[in-house]
Every structure is written in structure tokens, then in C-alpha cells.
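Chemist: Given next are the chains, with one letter for each unit.
2 protein chains.
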Amino acid sequence: MTVRNVRSDTWPRPVDFAPPPTGADLERWATADRDARPQRLARLRARMEEAGVDGYFGVRREHMRYLTGFTLAETEIPSAGNSGMFLVTPDDVRVLADNRYTIQARREASHARLFDCYNNLGERWPILLAESGVRRVAVEAGFVAHAMWQNLAAAAPGIELVPVEGWVEADRQVKEPTEIERIAAACAVADRALASLLPSIRAGVTERELALDLEWRMRTGGAEALAFDVTCLAGAEAALPHGSPGDRPVRSGAVLLFDFGAQVAGYRSDMTRTLFVGEPTSRDLAVYETVATAQTAAFDALRAGLIAARHAAPLPDGRSIDGVARASIESDGRWPAYQHGLGHGIGLATHELPSLGRSAAATPLPSPTVFSIEPGIYLEGETGVRIEDLAVFDAAAGTLELVTRFPRDVVVVGS
Amino acid sequence: MTVRNVRSDTWPRPVDFAPPPTGADLERWATADRDARPQRLARLRARMEEAGVDGYFGVRREHMRYLTGFTLAETEIPSAGNSGMFLVTPDDVRVLADNRYTIQARREASHARLFDCYNNLGERWPILLAESGVRRVAVEAGFVAHAMWQNLAAAAPGIELVPVEGWVEADRQVKEPTEIERIAAACAVADRALASLLPSIRAGVTERELALDLEWRMRTGGAEALAFDVTCLAGAEAALPHGSPGDRPVRSGAVLLFDFGAQVAGYRSDMTRTLFVGEPTSRDLAVYETVATAQTAAFDALRAGLIAARHAAPLPDGRSIDGVARASIESDGRWPAYQHGLGHGIGLATHELPSLGRSAAATPLPSPTVFSIEPGIYLEGETGVRIEDLAVFDAAAGTLELVTRFPRDVVVVGS
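Residue numbers (this note's numbering), protein chains in the order written: chain X, 1 to 415; chain W, 1 to 415.
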């Protein structure tokens, strides 16, 4: 494919993208969450019944919010103690909170009953279980620390702890309409922020300055938080798939990679754009086109899968789609393909199911779902290019819709 | 005690506080870390020898940085997989990294040997141990998930996993000189940011706007990151010890509480100031004085303990100091004392050892160390006051020095 070459007179502009969410949007989404919670709990309770447990003890922050409404930021987790942990039983939801969080928990998890616990879960655990009549409890083994597991086992020796992983994760990958709306809103915040940043990019400005500037544009443009720290990498640094911005100045004649995302009403976006500062080198342009071609190949394979599914074929799996994009780069043969995965689901977490990668499950993709498609080519010490878009994959509608709207053109800045 | 009443003509000014760290400071601190790492590892190895283990497997982000140099933000942890986890043996340090992090790990953990691992630790674990000749390995049981523990146990059944907690935490509470310097530098960034914010505070501005403004002043004033999300709570909201800023406007005649901190070269600050918007009510002023008096009582008790220690008494313990501040509020008798702890250590983590609270260990405080002293009074539905300063407690020097320099006066804003 040949990507369009875009200069300042045809740059994407902030007004090209959806405006920030309004107060009415935020209220509507909060209501939708409250209305959806009984169904979310019903799915979990069906799993509980099937596994023969009468309780589900959860600690993962995304699950707290999804099932109970209680909301903690990642940065709050280390000091929250047991607050936010929760127990679901066939007819009740208990949310643990110490006095620092009582008022918040009452507001956010209004349908749940609070259970007072101040970092003394070992002591309070038998009381919690006895109050709820629980005898056999599923525990999020991928997130409960081993030491806590041992404490719980010792505190109530008559209770069976059943390690479970992936139950709520599996449910969360299928998105409700207002979850998709919020991811799209987060994408628009990010799209708009990058569009508004373009005129500020010039040789000499540092990666760190641009990262902070882009962050500020998101935080004042509708994002309640970042999805993750902004990546801004100039020239050869772009070869680090998870590099951090430094005091390196942007140089003319080199690429400039931004990987960033916003959070809107709990839901996240994630996008990568590799821009060109000044005149692109023919090598960088060729790398860019190779990556864009691989991404298009993945889009095409997903759309072909949706068409086949209308004729009763199973939906494609994430491993095969990764294979398509990877093969596109490998068949070109000039540069090695990315070593990471092609993409990941996104929602309350930046990285969640489904996974599109070499080690992903070879099972059909869920639907409707949202995931990233982000092939890259990394030439250590030379250059790096990644292009990342979020797409809504919807088998019922038969559509793959990009919710990242910032164009994939070659965007030339700083000249 | 009577606190001074400060209006706009005598407000603290940004120039009252130390300037942001320079590039030379950052380099000096990086060098100091590299130089200190052999001693840090030696302390850990002494613990290993005492416990009869020939390996220490760590996963906690603060320990990665402290012992190896590899640095992950809290928000990066969920997507880092096994990268950054590390194994210390009597004569080696291995840092796990997948290809996304290889270059970063080589730069940051330059003395460690990398071990390639892409979310397949179960598979790679026996190889890691065999390469290092490890037979009995201490594992950070408070941070390794139970499911991962089970995987490791199953992957190498001949290897004994020894659950350990608190080893590195205990070492980290005693601070090196340049760790204290960095905490003080982070305090100055926060002090200066609040001083520069004062003229912007007026009735009608929302908590969220002020929180973002204060964050921006820290992020552009020398902070590489925040220590945690800024808390800004107006009036009755200040009664929530861990509340989040909302769209509530600041009101005249009410308090305005800021709890915030900066991060400088990995090290954090944490401070709380409760300001008065417009004319303070006599109730709010009396609450403020009661809290300030309790804080002073804690300072005095700590200083008395340092003097007694010169005459061979043991250093005071965190539980008794909490008791002194709590008793000060309780003996006043008008309002209930804070339910949280009086204070916590701080460094690479916002909350770390030592703990000053009712459930803290009744063992002498470490030295030199840095901790917060943050009594509060919370009247639900009415008002809340907390005052939080960081102090360096140094038995060898015989000093308790406040590194939060923003005055504790009654600061009146917005009028």
C-alpha cells in the first residue's frame, strides 16, 4: 500500500474528532454501569454454581469496579490495604473498606454491603465468611499474594479455597454498548490531543517535554486520567517498544513515535503514531509503509473472517491474525517483524483479553470486543516504527470499525 | 499552641523553597545508587545466608529498582509481565526481561545479567535456577501471586520455595544520605508548587481544576512523576481521609485540603495542608489548632526520645508516638481523633516502613529514616483538617528535621 504524505496544510485538526464527553455523558454511563451490574453478577454467579462454590473473593481493581462500582486507581492500590476487595455470594455482595474509604464505598458501591476491615483480613476473614454462610470460596489466585492465601487458609481451616483465574476477565472481554462508547470517547480525547500537539513539534524540543505536553492536552481535554505514561521516542529510541521519554531532543530527518492513551469514565484508549520530523528518509518511509501494509493485512483478515462467519464459519482467532500481520512483514523480507504481540483487548485495563499474538489461544475471538492492532518494526540503534489503532470487532453487525480516528498517513511535522 | 494567621501579603512564596534538581543532581544520585547497590545486595545476602537459602526471587517494583536499578512505574506493572523480576544469588544478579525491555534493562541494571523471559516464567524457571545453581530460594510471598507460586513449585519440584516477607522492606527503611536528599528535593517541588498555586485559589474553582493545576505545577517544576494522585477536597469533603477531587466548587468560609506529593529520581514526598478559603469559621480554626497541637506533641515526643537515646535509652517506637498525638486530641475532648495511623515511612514507595500507628510494632524506630506525621480530625458532613509533614529522624545526629518546609500557619486564600 502507499500511505498519503501529509504536511501542515493538511494535518488532522482537533475539530476533526469527537468533542470531550459532557456531564450528561458521564451520568448516562454511570447509570448504565449500575443497570448492567446485576447481569455482570449473574454471569459470575452462573460460573460459581457450575464450579460448586458459594462465594467469589476478588481483589483485582478492574473487577472491583466492574462488579461493585468501587473504584481505585492503580497508584492507590499499594496503600489501600484490604479496601476494595469483595466477596460475591449467590445473593449478596460485600465490599471491604476501612474507615478511610467508607464514604467512598457507600457512594460508589451503593448496592453492596460494606464490611469493615483495616489491613487485618486474616482476623476478619472467618467472620466475613460466617456472616455470608460461605463454605467453599473461589479466590482470584492470579492476584491474591501467596502470603495472603496462606493467611486465609490458616484463618478458616474448615473453608475450602478454590483457586480461580480468568472468570471475570473472560466476561469483561465482551463489551457492553456503553463500554464501547467510553473507549471510543477515550480514543477521541487522544486523537484530538495529538492533533493539537502537531504545531508544537520541532527539532530541539525534548521527548520529555512533548510527552508532558501531550499528557496535559489529554488531561485538560476530557481525560480523567492517562491509560498509561506517555511514550515519546525520537529517532533510534523508537526501536524500544516500551521505552520512556528522556531529555533527548527531537531531530530533523528522524521518526518520532508517540504511544499514549486516555481514560474516560474508567475506560481506556491506546494508540501509537510514528511521525516524521522534517524530510523523511527513504528507509524510514519504506519501513513505515511495510508496517502500515501489515496492519492493513490484519484488518483485511479480520473483515474476511467476519464475512466467513456469516456463512457459519467460526470467528478468526487472535493467533492467526497475528500471523497474518507478521507474515506480511516477513514476506517483504527487508526487516524483522515485531517480537511483541499484534494486539490486546482494552477496557477497564489497558491490556486485557482477547490477546492477538503468537502465544494467544487459538480460539475464536469474542464479540463484540475492542482490541488494538499494532504491528511494528524495530531496528536497534537506527529507527523504529509502530502504528497502533483500536478496533471494535462485532460479529453480529459484521463490522470491524476503527475507533482510533487519527489518520495513518505519513504525517510530516517540524518543518 | 496558637498558629499564625497568614494572608496574601505574607503567603509563602515559591522562592522560599529549594529550586528543582539540576541535571548534575540527577547524575550524582544515579552514581550514588550504583555505588550503594553492592552494600544493599550485601545486606540481602547476609539475610540469605542466615536463612540458609542460595537465591532470592523478587518481584516488588521498589526492590527491583533498589537492588538492580531496573525501573518500572506502578502503571507499567500490569503490562510488564515477568520483566523486572529478579534473582539474587551469592555471586550474581539476574534480571528478567522480555524483548520489549531488553535495552532498558541493559541500561538501568548494567551490573546484572539479563534473563530472557516473556510471560513464560513457569517454563523458564527451572532453567533460571539451574543456570544459577540455586536449590533453595526465598520468594517475596507478599507480592508473588498465589497462582504464580503454584506454577513455580510445580515447574521445579526439587527446589524448595521459602516464603519471605519484609527483608528488603526492613533494609529500605534506613535511608542513605542521597535517598534523604531526594526525598527533600521532592518535598521542595511540592512546597513550591503549592506556594505558586495560592493566588489561583478562589471560591467557584472546582476541586478537580485545582488538583490538576497543582499537579501541573509539580510536573513542570521538577517532579518526574507524582507520588500519588493529588487530593483536593473542599469543605465537608475534607472529612474523607482518602477522598478524590470532584466537580465540587471551592466555597468561601470553608476549608480546602490538599494531600499531594512529588517524585524526584525515584523518591517521593507526601504532604497535606488544610487551607482556609475566605474568613475561617471559629470551629474550623479550633479544629486546626487542635490538629497542629497534636502534631507538635508528636514532634516533641520524638525529640525527647532522641535526647533520652543519648543516655542509652532505646529509640521511641512508632506506636507510642501515635499514642502521644492521639492522646493530645482525645484529651482536648471536643472532637474524635483520626482513625488512620499517625504516619508512615516514605522513599521509593509512598507508604513503607516504619509505621507510626496503633497497630505498629512496638520496636524502636530505625535511624536515619524519613516518615510522615499526619494527625487529623474528620467531622463527617461538616469539615476535615489534616496536617502532614515529612521528617528526617536521625539518632546519630540527634535531630528530627522537617523536610516539608511549607509553613503550618493558618493560610487564608481566596479573599
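FYI, nobody ran anything at the bench for these hints, they're computed from the structure.
Be aware that a few hints might be false.
[Unchecked claim] For each label pair, taking beta carbons as the anchor points, the in silico distance ranges come out as:
#1 Gln-150/X <-> Ile-127/W: 38 to 44 angstroms
#2 Asp-92/W <-> Thr-281/X: 41 to 47 angstroms
#3 Gly-253/W <-> Gly-246/X: 45 to 51 angstroms
#4 Gln-150/X <-> Leu-114/W: 27 to 33 angstroms
#5 His-111/W <-> Gln-150/X: 30 to 36 angstroms
#6 Arg-251/X <-> Ala-130/W: 51 to 57 angstroms
All values derive from a computational prediction rather than experimental measurement.
Each residue gets a CB set at the ideal place from its N, CA and C atoms; glycine is no exception.
Chemist: Look at each hint and say if it fits the structure.
Modeler: Hint-by-hint comparison with the structure:
| no. | hint | verdict |
| --- | --- | --- |
| 1 | Gln-150/X <-> Ile-127/W: 38 to 44 angstroms | violated, 27 angstroms |
| 2 | Asp-92/W <-> Thr-281/X: 41 to 47 angstroms | holds, 42 angstroms |
| 3 | Gly-253/W <-> Gly-246/X: 45 to 51 angstroms | holds, 47 angstroms |
| 4 | Gln-150/X <-> Leu-114/W: 27 to 33 angstroms | holds, 32 angstroms |
| 5 | His-111/W <-> Gln-150/X: 30 to 36 angstroms | holds, 34 angstroms |
| 6 | Arg-251/X <-> Ala-130/W: 51 to 57 angstroms | violated, 45 angstroms |
Hints 1 and 6 from the earlier list are contradicted by this structure; the remaining hints agree with it.
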